[in-house]
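J.: Whenever a hint applies, use it, and build me the whole structure from the sequences.
Chain by chain, the residues run as shown.
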Amino acid sequence: MTALEVTGLSLQFGGLCALDDLSMAVEAGERLVILGPNGAGKTTLFNVISGMQRPTRGRIALFGQDVTGTSVARRVGLGLGRTFQIATLFPRLTVLESAMLAVQAGEPHRFVMHRAMGAYAGTRRRAIELLAAWQLDAKADQETRHLSYGEQRRVELVLALARRPRLLLLDEPAAGLSGEETAAVEAMVRQLSRDVTVMLIEHDVDMALRLADRVIVLQQGRLLASGEPEDIRRDPRVAEIYFGAGHA
Amino acid sequence: MIDGNDAAADGARSKPGMRLLLILLLALATVPLAADSYVQGVAARMMIFALFASSLNLILGYAGLASLGHAAYFGMGAYAVAKLSLAGVSNLWWQLGVACAATSALAAVFGLLVLRAKGAYLLMITLALAQVVWGIAYGWRAFTGADDGLPGIHRPEGILLWDLSGDVGFYYFVFAVFAAMIWAIRRLVDSPFGRVLVGIRENERRMGALGYHVWSYQYVACILAGLIAGVAGALLAWQNGFVGPSYLSVNYSATALIMVILGGAGTVLGPVIGAFLIVALESIVSGMTERWVMVLGAIYVLVTLFAPDGLAGVLRRRARATP
Ligand SMILES: Nc1ncnc2c1ncn2[C@@H]1O[C@H](COP(=O)(O)OP(=O)(O)OP(=O)(O)O)[C@@H](O)[C@H]1O
Ligand SMILES: [Mg+2]
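So the sequences go chain by chain: A and B. Residue numbers for the first sequence follow this note's numbering, so the first one is 1 and each next one is one higher. Residue numbers for the second sequence follow this note's numbering, so the first one is 1 and each next one is one higher.
Wrong hints could be hidden among the right ones.
Said to hold, decoys possible - Footprint (simulated), chain A over chain B, 3 or more residues, beta carbon under 8 angstroms:
1. 177 to 191
2. 208 to 221
Unchecked claim - Incomplete in silico selection of chain A near chain B, CB under 7 angstroms:
3. F90
4. L93
5. A105
6. H109
7. R115
Note that these hints are calculated values from the structure, not bench results. Virtual Cβ for every residue (Gly too), placed ideally from N, Cα, C.
T.: Right, dumping it as structure tokens:
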């Protein structure tokens with residue numbers, strides 16, 4: 001089954017083509033890594049897939065359903081989850097409260113006005129389980145802004161996982177992390193069930209290639225190359241633009 | 001064990017906050033027994049403005065939407081009961097019902113217009129819309145009495161044995177409405193809906209990515225805030241027996257804003273305390289209108305410089321320092 005299919009996707013900012021007639025598909029369960037230099041359009045691709053930006057042209061299908069013009073909420077409902085390149089958290093809420101909001105997003109009582117949120121024991125329990133599963137339960141009562149940067153990146157991932165997405169978009173989850181913290185994030189991605197399709201933008205090429213089933217390389221909004229991790233590593237064009245001349 | 005029940009930005013669930021609120025209600029309940037009718041009038045005014053400020057706090061403090069036009073709803077509620085009273089409708093529920101319907105309808109329309117804007121644009125557009133309403137009230141002499149306003153408003157008939165025409169009876173009516181609404185707001189901000197508003201204030205983008213329909217929550221919050229402000233306006237119209245364009249003025253909007261910021265946005269008790277202090281101060285400095293605006297300005301500057309999260313924030317830090 002195809003998790004995601006985009007066809008002829010373009011997005012123009014004024015004269016700039018952030019995405020330029022991009023077509024690609026991702027199989028369910030696949031780990032697809034997206035490489036490309038700064039400004040290649042990787043984040044823009046995620047924004048368009050998740051519905052936060054409208055493409056100028058092209059179509060997007062999630063799990064066989066056309067979602068081109070639909071809201072973010074609808075796509076989340078179909079199983080889309082994402083993280084952001086720049087931490088997008090609730091700085092003044094505790095980690096547990098953040099997790100509860102994330103879990104609650106998929107529950108029917110999310111509009112209730114007359115009962116305390118704390119009264120929904122199931123939401124709370126699931127949030128605690130989620131934090132425990134990713135070794136964040138010790139931080140549950142701390143405000144998110146008081147966590148270390150590495151921990152915050154993990155919270156970012158956990159929030160995206162709360163609704164059990166079937167397609168997960170990870171935008172540089174390990175950017176700015178130490179070696180140890182990067183390993184923790186890599187382990188998290190590795191631990192994800194194969195029911196989850198993962199698209200990963202990552203500048204840490206070694207980590208990216210270790211995780212990838214397949215790699216695509218973007219440049220100036222176009223698909224430059226696509227293939228197995230080893231082919232990509234050997235591709236001279238990729239070496240030229242991405243690893244820097246002389247790397248290969 | 002894990003106990004995630006307290007987020008920093010919320011006094012809502014804090015025990016000291018609850019205790020303070022109960023003490024406040026107890027004190028307010030005894031005012032007619034202990035004080036003269038002037039003080040009683042000031043206390044009623046305090047509660048009315050506390051409701052007005054609390055309604056603004058719902059969108060400003062919880063949903064993170066600033067507004068410089070909240071007086072539009074306050075004035076709308078006041079004019080609604082004034083027109084009904086002058087037309088001979090003396091039933092309380094009719095008057096209150098129409099006031100609520102009119103203000104929430106106004107909020108429903110304004111909400112559609114303002115929720116596209118952010119930041120400073122939001123302030124400008126809310127101000128502009130409120131000025132339109134003010135302009136209508138100021139200009140349409142036949143309907144609103146223009147700058148003369150609408151004097152001679154009668155308080156509505158009582159409920160069973162509860163007579164609202166006398167000052168004590170009316171005071172307790174204001175007290176009951178105030179207590180009920182503050183209680184409801186407390187419930188609301190703790191509810192899933194209220195926590196989602198806080199989530200949106202903290203990070204709209206993330207809430208969207210989680211699948212929340214951010215706009216709907218903000219829209220409903222706007223309507224609720226408009227409705228509560230309308231009730232406060234109706235109460236003031238009955239209290240004063242008069243409505244004028246000043247009820248709709250940017251002065252009133254800004255005063256509510258300062259009350260919220262002084263007391264502490266995003267807490268249930270903060271705007272109440274802010275309103276009580278400002279109304280008390282106003283009755284001391286009253287008569288000096290020119291200087292009153294200066295006093296408000298000075299308070300605003302001092303609070304933003306020295307207590308950016310308001311008196312509630314100061315109290316919370318105190319409480320934390322001495323556990
Ligand atoms: N909202 C916007 N308005 C105008 N230009 C934009 C906007 N968002 C992105 N761009 C431009 O589109 C291009 C692609 O940006 P994008 O953020 O997708 O790159 P990226 O591949 O994620 O880069 P990085 O590796 O630095 O994160 C860049 O040239 C960027 O400046
Ligand atoms: Mg990017």
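J.: State for each hint whether it applies.
T.: Hints, one by one, checked against the model:
no., hint, verdict
1, 177 to 191, "holds (count 4)"
2, 208 to 221, "holds (count 6)"
3, F90, "holds, 4 angstroms"
4, L93, "holds, 5 angstroms"
5, A105, "holds, 4 angstroms"
6, H109, "holds, 5 angstroms"
7, R115, "holds, 6 angstroms"
In this structure, every one of the numbered hints holds.
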